[in-house]
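Engineer: These protein sequence lines are chains A and B, in that order. Just so we're aligned, residue 1 is where the first sequence starts under the working numbering, counting upward by one. Just so we're aligned, residue 261 is where the second sequence starts under the working numbering, counting upward by one.
Simulated from the structure, these hints should not be mistaken for lab results. Errors might be hidden in some of the hints.
Mimicking SDA-like on lysine to any residue, the simulated pairs with C-alpha atoms at most 20 Å apart in a straight line are [what the hints assert, rightly or not]:
(1) A:Lys85 - B:Leu269
(2) A:Lys85 - B:Glu268
(3) A:Lys85 - B:Phe328
(4) A:Lys85 - B:Val533
Listed below, chain by chain, are the residues.
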Amino acid sequence: MLFALAPVYWMLTISLKMEVEQFASPPPWFVFTPTLQHYYDAFVARGFGQYLLTSAIVAVVSTACALVVGTLAAYALARFELPFKLNRRLSLWILSTRMFPAIVTAVPLFLMMRDLRLLNTRASLIIVYTAFNLPFVVWMMRGFFVDLPRDLEEAALVDGDSRVGALVRVVLPLVAPGLAATAVFCLIVSWNEFLFALVLTQTVAAMTLPVGIAGRVTQYEIKWGVMSAAASVAIVPILVFALALQKYLVRGLSLGAVKG
Amino acid sequence: MSAQSKRELLLPLLFIAPAVAVLLALSIYPLIYSVTISLQQQGNTWGVGNFKRLLTDNFFWTAMAHTFVYAVAALTCEFVLGLGLALLLNAQIRGRGFFRASLLVPMMLPAVVVGVVWRLMLNPNFGAINGTLKRFGISTESLTWTASPKLAMLSVIAVDVWQWTPFVFLVLLAGLQAIPQEPYEAALIDGSSRWQTFRHVTLPLLKPSILIVLLLRTMDLLRVFDQIFILTEGGPGFATETISLYIYRTAFRFFDFGYAAAMSFVLLALTNVISVIYIRFLQAKEAT
Chain A
1 MLFALAPVYW
11 MLTISLKMEV
21 EQFASPPPWF
31 VFTPTLQHYY
41 DAFVARGFGQ
51 YLLTSAIVAV
61 VSTACALVVG
71 TLAAYALARF
81 ELPFKLNRRL
91 SLWILSTRMF
101 PAIVTAVPLF
111 LMMRDLRLLN
121 TRASLIIVYT
131 AFNLPFVVWM
141 MRGFFVDLPR
151 DLEEAALVDG
161 DSRVGALVRV
171 VLPLVAPGLA
181 ATAVFCLIVS
191 WNEFLFALVL
201 TQTVAAMTLP
211 VGIAGRVTQY
221 EIKWGVMSAA
231 ASVAIVPILV
241 FALALQKYLV
251 RGLSLGAVKG
Chain B
261 MSAQSKRELL
271 LPLLFIAPAV
281 AVLLALSIYP
291 LIYSVTISLQ
301 QQGNTWGVGN
311 FKRLLTDNFF
321 WTAMAHTFVY
331 AVAALTCEFV
341 LGLGLALLLN
351 AQIRGRGFFR
361 ASLLVPMMLP
371 AVVVGVVWRL
381 MLNPNFGAIN
391 GTLKRFGIST
401 ESLTWTASPK
411 LAMLSVIAVD
421 VWQWTPFVFL
431 VLLAGLQAIP
441 QEPYEAALID
451 GSSRWQTFRH
461 VTLPLLKPSI
471 LIVLLLRTMD
481 LLRVFDQIFI
491 LTEGGPGFAT
501 ETISLYIYRT
511 AFRFFDFGYA
521 AAMSFVLLAL
531 TNVISVIYIR
541 FLQAKEAT
């Protein structure tokens, strides 16, 4: 546990230390004079606020799109018997698209977005992240739908509800926890994503937080405090979600293969 | 097919269509597009020039070798540590929720943040690692970690082990806890030793979890990009350049998209072959 958390704690201390103490040797782990100067520098003086906003918008919108499209497909795959073994074939095909290494699609997607004049826009990232999260949503939600007994929706159908009505009024409320877990996963993946964001956005107006941070890291002179402050803020939503979601995390990270 | 069953089919197909359309447009079409780019050579002629070039490109093969070293070393460490911990801690632990949540933190972090965290930890001048070593009187002059050609690969491997061992541990722990008690009781009655019990009871029953976690980790390790990009940018020199970094550099620094696309197909083929092998093993297990 110490092993897992100490490095993150170390970064937090760097973000709160004046530069004199950052470079002190031996390094102070616990006793130092805290300052919020670096947070001010990063988010007020240096445009990290803009990156933060972009990251949030892209993550939320792409998650919403992937959830709607993916949940519908997952429901159909879990509940209807399709001809030509389509259920299994489609599910496996959808999963296989998730297995491509990102760099393989990054090159053609860059060229496609360039042709569509969508480079350096939030829309390009929203589109790409929706597609990236979609297989995951389908697999997770399919698992939750399969786990759900059919009786309840059949009762609703007998009562004269339409299929869509039964889905919205009966099924979705029952899988709400699973839906929430899936949503949070997509949010985290989009929030953390780096390669596509690096390739598709190069301007300050369209950059996400990870790309903004990376830009600072690889510059010649590195402002360690500012960078640590930005990185610390980038992990806040993750920490909140990890705590809220720990029950589902292993299942999610293994694409539903392990029901931990 | 009767009109009734046709109508029954319409709804599910309508539900699935948007997902299929999105994936066709953004996963399959890019792949096809990529094939066409990779077959375009300099001077706008068609041919397999880009693939021929691969064979004699030393940088490409070096990057491949780095990727293998990185993947094998990290996978081995993560698996051994993860399995060991899972066996050791396969019991009800007090404060389990907090314990688990804290283990989850590294793997949920953005790769960029992992890079930043470890650049701070490993910094030769003010990093916590060297600072702590100094306190114990160990000379740290030669320990420049990510800046040293010799230690850079070790450093990036260690970072991945730090980030992903908890994941291996949690999946295997979940697998262990799903094993019923009966086989263990039978083994106890047979007078099996602990090693025999582990070898003949635990390992076979844990095999599906092991294969899944190895498959997922292998795929991630072979395509590693983010952390190494932040930690070393493939350097110093070419010391930690993996295949994804080399493809990135070829496409977005040298703008040689055709060659980058050709290399990316080698990576794709490689990950496909490996995942097929894993899945074969997994299905062989299920069949018996």
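Engineer: Does each hint hold? Answer for all of them.
Structural biologist: Against the structure, the hints come out as follows:
no.	hint	in the structure
1	A:Lys85 - B:Leu269	holds (13 Å)
2	A:Lys85 - B:Glu268	holds (16 Å)
3	A:Lys85 - B:Phe328	violated (37 Å)
4	A:Lys85 - B:Val533	violated (24 Å)
When each numbered hint is compared with the structure, violations occur for hints 3, 4.
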